[in-house]
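Just need the whole structure built from these sequences, with the hints factored in.
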Amino acid sequence: MSEQTIADIIEKYRGRPGAVIHALTEIQHANHWLPREVMHEVADALEVPFSQVMQIASFYKTFSLTPKGKHEVHVCTGMTCHLRGGARLMAKVEEITGLKPGETDTDAKFSLEAGSCLGSCSIAPELIVDGKHYGRMTPERAADVLKQYE
Amino acid sequence: MPRIQTTAELEALRAEILAARDPAKPCIAVCGGAACDGLDSAAVATAFAAEIAKQGVAAKVDFRVTGCHGYCNKGPNVLVGPDDVCYFEVKPDDVPEVVESALKGVVVDRLVYRDPASGEKAVHLSEVPFYKHQMRILTGDIPRIDPTRIEDYLAVGGYSALAKALSQMSSDQVLQEVKKANLRGRGGGGFPAGLKWETTKNAPGKTKYVIVNGHEGESAAFMDRAMLTGNPHKVLEGLIIGGYAIGAQQGYIYTRHDSPSMARHITAALEQAQELGLLGENILGSGFDFEVELHFDVGIFVSGESSALMRSIEGNAPEPRPKYIRTSVSGIWDKPSNLNNVETWANVPEIINRGADWFTSIGSEKSKGTKLVSLSGHVVNSGVVEVPMGTPLRTIVFDIGGGVPDGGAPKAIHFGGAMGRSIPISMIDAPLDFDGMSKLGAPIGAGGLLVMDENTDMIEMARYLLDFLVKESCGKCTPCREGMYQMLKILSNIIEGKGRKFDLERLAELTEVTSLGSLCALGKTSSDPLKSMLRYFKPEFEARIAAGSAAGSEAK
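Chains as they are written, first to last, in my numbering: chain A, 1 to 150; chain B, 1 to 556.
Fair warning: there could be bad hints in the mix.
To be verified - List time: in silico EDC-like cross-link candidates among lysine to aspartate or glutamate, alpha-carbon distance up to 20 Å: (1) A:Lys100 / B:Glu472; (2) B:Lys538 / B:Glu482; (3) A:Lys132 / B:Glu319; (4) A:Lys100 / B:Asp40.
As the list claims (entries may be wrong) - Residues of chain A placed beyond 10 Å of chain B at every Cβ, according to the derived structure: (5) Glu95; (6) Leu99; (7) Lys100.
Don't read these hints as lab results, they were simulated from the structure. Built from N, CA and C at the ideal position, the CB exists for glycine as well.
Right, here's the structure in full:
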């Protein structure tokens, strides 16, 4: 992720106070987290107080104020996944990665997130790594999937 | 494509597209919906493209990747036209045989549906039990459309309703038609869309907004995503017609940020509609100007609530407002703003094209048209289902859903996700409609239907749902923030065997206070699942508390 990309995103929304969420979302997608100095740049360029940028960044769950791991691991905790063994899957993924939802390991290899509902209920429970969906996941198979990302 | 100036030019373009197509030519449609994607339908699609190139038959067979076909748990789904042969669980290795068979007009026997009990085959879409009991007015075109190509939508009659509305009807006539159709909001409330439109239309001020709520935060609901990803133009056409009827100049589509294909398809649809002149200034020479912007939620449940959603479009944190300020009169930037759900908008072109009388001929007495249902949980066949309003739940769970896997028995049906309600299976003959289900204490919500089998622990489900809502509460008002937390604590105690006498009374009291005192729907309905479970499954709670105290006294 180059600084140029972030600068380009901010430039695109310069002078548009209503576009804070758009700008932060794009930066989050590209950079996987929102460094404080970048949020200051967003505030200056979009002409909103830093406190408002911070309010939005800290309110929405999508935004991360700390660096994320190289691979984003997501276990769906929606209703259908829960009914069909999502909690056991989460326990196994926590065991494999040594993380709780919301945490990143010290090598910045994995970040673990819980989230619902991702809408693939028909193939519940689901494990998602870097946006790739793995349906009908069992705790046993989760280990094999995660190995591919080490 | 050049900008279209008149309805005659639109029809000429449609005729040109259709003339270039041979209806008898085989067409292979690979489902790229959310579930099929999770079952790696992308690999199947790649294999088809490669095989067609290898055999050099691109001129003899059409191929497209489409949105959700519906029968999600049997994915990857492949549908072969012209006579709709359904193939299920297709693997890349099956591809050469499917292509050869399509060219020869024969069927690959081993990939068609077989009844799990009788082994009986069903080859065509209209014969497969999952589809046979449905009425796919909104979703039927999805397998026939590449959602990224506006030509495909025009080929199935797309934008003819918009042309009709703009050229033959006044904005009042459009509004009256929707009112007469008694189209009720599909997002959960079932409020008549026509009345809501009228409020915004009559509200003072020139600047007005219309909004598609595609947030779909309801857990176990995935039909709106299927609709919006699979046929974005249909929803957009409904929105433009609504904008015309209401007198809005600007529309917004608000949807999830976590589905890349949905974002891609909507963005492409907006660009193509703009290019063709179906959005922008002077649409089809009518003098009506309309623009649409795409906005994303960024991961919090409450942003699907109408006033919170509008704060989010303004670029603010999505805190809901008290409901005495109606968004229909004062919404985005305090301008009149009409918000409807994806499915509601998708019905509009059908109503304009086929008329209110046709629409009211479908459904039950007070709920008209069809309803999209996301069927999942402990059920054999899971996916996106479309049935006429008033269809008995039994048809959905057993005839379409195939009942509980492994011969299990269902215990409860849950509607409406985390803020929905559960009813016992003894009520399975109830019809699916707004009023009937509300009377039973299980409003259909947006249409997420979850089947729970006999082994489901209702107390644990209630706790799980509250745990979810506690984390999603925005924290602005106290009854929601604190009330739910206390309920969660009591339920956790009961589950851990530390339930006390009068816990159920305390829970009942908390559900009342939270419902009455909270600002928005999240708080008001947060205790709905618990209320329904206490209403229908109370003995389970009592037994658990009794067992807990028995175990406790033994330990002493």
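Here is how each hint holds up against the structure:
no.: 1; hint: A:Lys100 / B:Glu472; in the structure: 18 Å, holds
no.: 2; hint: B:Lys538 / B:Glu482; in the structure: 24 Å, violated
no.: 3; hint: A:Lys132 / B:Glu319; in the structure: 32 Å, violated
no.: 4; hint: A:Lys100 / B:Asp40; in the structure: 28 Å, violated
no.: 5; hint: Glu95; in the structure: 21 Å, holds
no.: 6; hint: Leu99; in the structure: 18 Å, holds
no.: 7; hint: Lys100; in the structure: 14 Å, holds
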